[in-house]
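These protein sequence lines are chains A and B, in that order. As numbered in the working numbering, residues 1 to 284 make up the first sequence, in order. As numbered in the working numbering, residues 1 to 284 make up the second sequence, in order.
No lab work stands behind these hints: they were computed from the structure. All values reported here derive from a predicted model rather than from experimental measurement. Keep in mind that a hint or two might mislead.
One copy or two, it doesn't matter: identical chains are merged, so the pair holds either way.
Below 25 Å or equal to it, Euclidean Cα-Cα: the simulated SDA-like pairs (lysine to any residue) are [what the hints assert, rightly or not]:
{"id": "1", "residue 1": "K225", "residue 2": "D241"}
{"id": "2", "residue 1": "K16", "residue 2": "N49"}
{"id": "3", "residue 1": "K120", "residue 2": "L231"}
{"id": "4", "residue 1": "K120", "residue 2": "S105"}
{"id": "5", "residue 1": "K120", "residue 2": "D103"}
{"id": "6", "residue 1": "K16", "residue 2": "R239"}
{"id": "7", "residue 1": "K16", "residue 2": "N166"}
{"id": "8", "residue 1": "K198", "residue 2": "R17"}
{"id": "9", "residue 1": "K225", "residue 2": "R201"}
{"id": "10", "residue 1": "K16", "residue 2": "D143"}
{"id": "11", "residue 1": "K16", "residue 2": "L102"}
{"id": "12", "residue 1": "K16", "residue 2": "N138"}
{"id": "13", "residue 1": "K16", "residue 2": "D75"}
2 protein chains.
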Amino acid sequence: MIEVITDLEAMRDVSKRVRDAGQTIGFVPTMGYLHSGHQSLILQAAAENDFPVLSIFVNPTQFAPDEDYETYPRDLARDSALAEAAGCRLIFAPPPQAIYPLDYSTYIEVTGVSALYCGKSRPTHFRGVTTIVAKLLNIVSPDRAYFGQKDAQQAFIIQKMVRELNMDVQIVVLPIVREADGLAMSSRNTYLSPEQRKAARVLHRALLQGRELFRGGLVKPDELKRAMVELIQAEPLARIDYVELVEPETFTPARSGTDPMLALLAVYVGQTRLIDNLLFSIGE
Amino acid sequence: MIEVITDLEAMRDVSKRVRDAGQTIGFVPTMGYLHSGHQSLILQAAAENDFPVLSIFVNPTQFAPDEDYETYPRDLARDSALAEAAGCRLIFAPPPQAIYPLDYSTYIEVTGVSALYCGKSRPTHFRGVTTIVAKLLNIVSPDRAYFGQKDAQQAFIIQKMVRELNMDVQIVVLPIVREADGLAMSSRNTYLSPEQRKAARVLHRALLQGRELFRGGLVKPDELKRAMVELIQAEPLARIDYVELVEPETFTPARSGTDPMLALLAVYVGQTRLIDNLLFSIGE
Chain A
1 MIEVITDLEA MRDVSKRVRD AGQTIGFVPT MGYLHSGHQS LILQAAAEND
51 FPVLSIFVNP TQFAPDEDYE TYPRDLARDS ALAEAAGCRL IFAPPPQAIY
101 PLDYSTYIEV TGVSALYCGK SRPTHFRGVT TIVAKLLNIV SPDRAYFGQK
151 DAQQAFIIQK MVRELNMDVQ IVVLPIVREA DGLAMSSRNT YLSPEQRKAA
201 RVLHRALLQG RELFRGGLVK PDELKRAMVE LIQAEPLARI DYVELVEPET
251 FTPARSGTDP MLALLAVYVG QTRLIDNLLF SIGE
Chain B
1 MIEVITDLEA MRDVSKRVRD AGQTIGFVPT MGYLHSGHQS LILQAAAEND
51 FPVLSIFVNP TQFAPDEDYE TYPRDLARDS ALAEAAGCRL IFAPPPQAIY
101 PLDYSTYIEV TGVSALYCGK SRPTHFRGVT TIVAKLLNIV SPDRAYFGQK
151 DAQQAFIIQK MVRELNMDVQ IVVLPIVREA DGLAMSSRNT YLSPEQRKAA
201 RVLHRALLQG RELFRGGLVK PDELKRAMVE LIQAEPLARI DYVELVEPET
251 FTPARSGTDP MLALLAVYVG QTRLIDNLLF SIGE
């Protein structure tokens, strides 16, 4: 059975021993309830490093009070088996009170971009994400850390934080893993009823349609956005949070004719908020 | 002559070489214009570590627009000689644009305490301090970093940040170094005219008087504060920013009868804002 460490100092000690032995550490921070997207991150971490570490921590500071922190799916036994199968060597699963003691008050914020897109409907979300990622990176001190492109804005913000705080780690972002019908893998897909699960295909369908229009010469962000919005609105179980087109290097709103553009969307299907994204590029 | 490094990657490389050679790094981050207080930090860093490093960086993000960033005293030649004499091995003096590129937007904040005391009159100051200290610690990656007790609230906030972000460095706080007449050493003392310089003695005098009253049995913070305020107000060149009594372990306002209490004050002498502090304790 794969080892599970819950103590912060014990985790730090393992990392020191691994590094002192001249080995590299690949780190995959997750909130658990692993799916194929996480597994692809672990496989890559195992391919590129001597010692792949997974963390499982449902991070309270990235949930708003009315969100699903309490009900977020948790299953350490299942996760352990999946992680081990993907080549993971160690799971770090600290308890919340060890990560956030009672008088905790330190936060890292990538200002500006953290208030846009997902940050508009979740104003304290990215502050929670950057804070926990920095803490975990400081405890595990990996050579490389792996994140999924599904959370595109999160990946952008984490890369900006690491660069701007001069953290000594390489951030690797891997492609979205999708179900056969195109739905992006997410632990929250488990919330969907069979009917909602079908309706959820509309996110990827809207992105594919947008990309077709882009490749066909429709390069005005407003018009691309309108086409995607109309397609999603035709699905009665879907309710749009946002649809945006951004420049992938800066996450500023895309200007007309930019190539590539990154299409981002967040859509509620029932109570479940799903996100997805796709790069629109003439050349691809 | 002592080596001065301005490039971030070059600094990182030196630290890696030193660590790979099994040596420890002691780090003293400063804004330059060194005085005996800084020298005491360098001496201690040299005593406790193989490789003492000093940084000199006048950090723009901890100054408000109406403060003295532009006029803050700078003298690298003088600082180099003083640092070398105290046993420093290397000076890291990066240019501002390498530390804060144009689109820079990541900040670390120890919320709560950063808004109190010095944070009341300087609302973005501590955010700037914690951000630059974290960046420098990430670049230099020392075993120990040294700070002066003169900036008591700063030392408290940095220790809280390092603990709460799980940064792998030991923070060492050393006592205030004073002039013969009691004035706490500060690079800003150079702003004082001879007349103001004399008036500035009132900070330490008020702290000593407060301590005498405390030892004599006056343990109500409001009464201690009133006595210190009256003494400072008797000095015509002095204008009080704040006088506070806090519990040193939490930096919350001291309750009546707490032992020890930490007395903090900030006083303008002319245009120059000076700070000082003293621990009040029955047993000492």
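Evaluated hints:
no., hint, result
1, K225 x D241, "within (13 Å within a copy, 54 Å between copies)"
2, K16 x N49, "both (15 Å within a copy, 20 Å between copies)"
3, K120 x L231, "within (23 Å within a copy, 51 Å between copies)"
4, K120 x S105, "both (23 Å within a copy, 17 Å between copies)"
5, K120 x D103, "between (28 Å within a copy, 21 Å between copies)"
6, K16 x R239, "neither (48 Å within a copy, 52 Å between copies)"
7, K16 x N166, "both (20 Å within a copy, 15 Å between copies)"
8, K198 x R17, "neither (48 Å within a copy, 56 Å between copies)"
9, K225 x R201, "within (18 Å within a copy, 66 Å between copies)"
10, K16 x D143, "both (12 Å within a copy, 14 Å between copies)"
11, K16 x L102, "neither (28 Å within a copy, 36 Å between copies)"
12, K16 x N138, "both (12 Å within a copy, 17 Å between copies)"
13, K16 x D75, "neither (29 Å within a copy, 40 Å between copies)"
Violated hints for the displayed structure, listed by number in ascending order: 6, 8, 11, 13.
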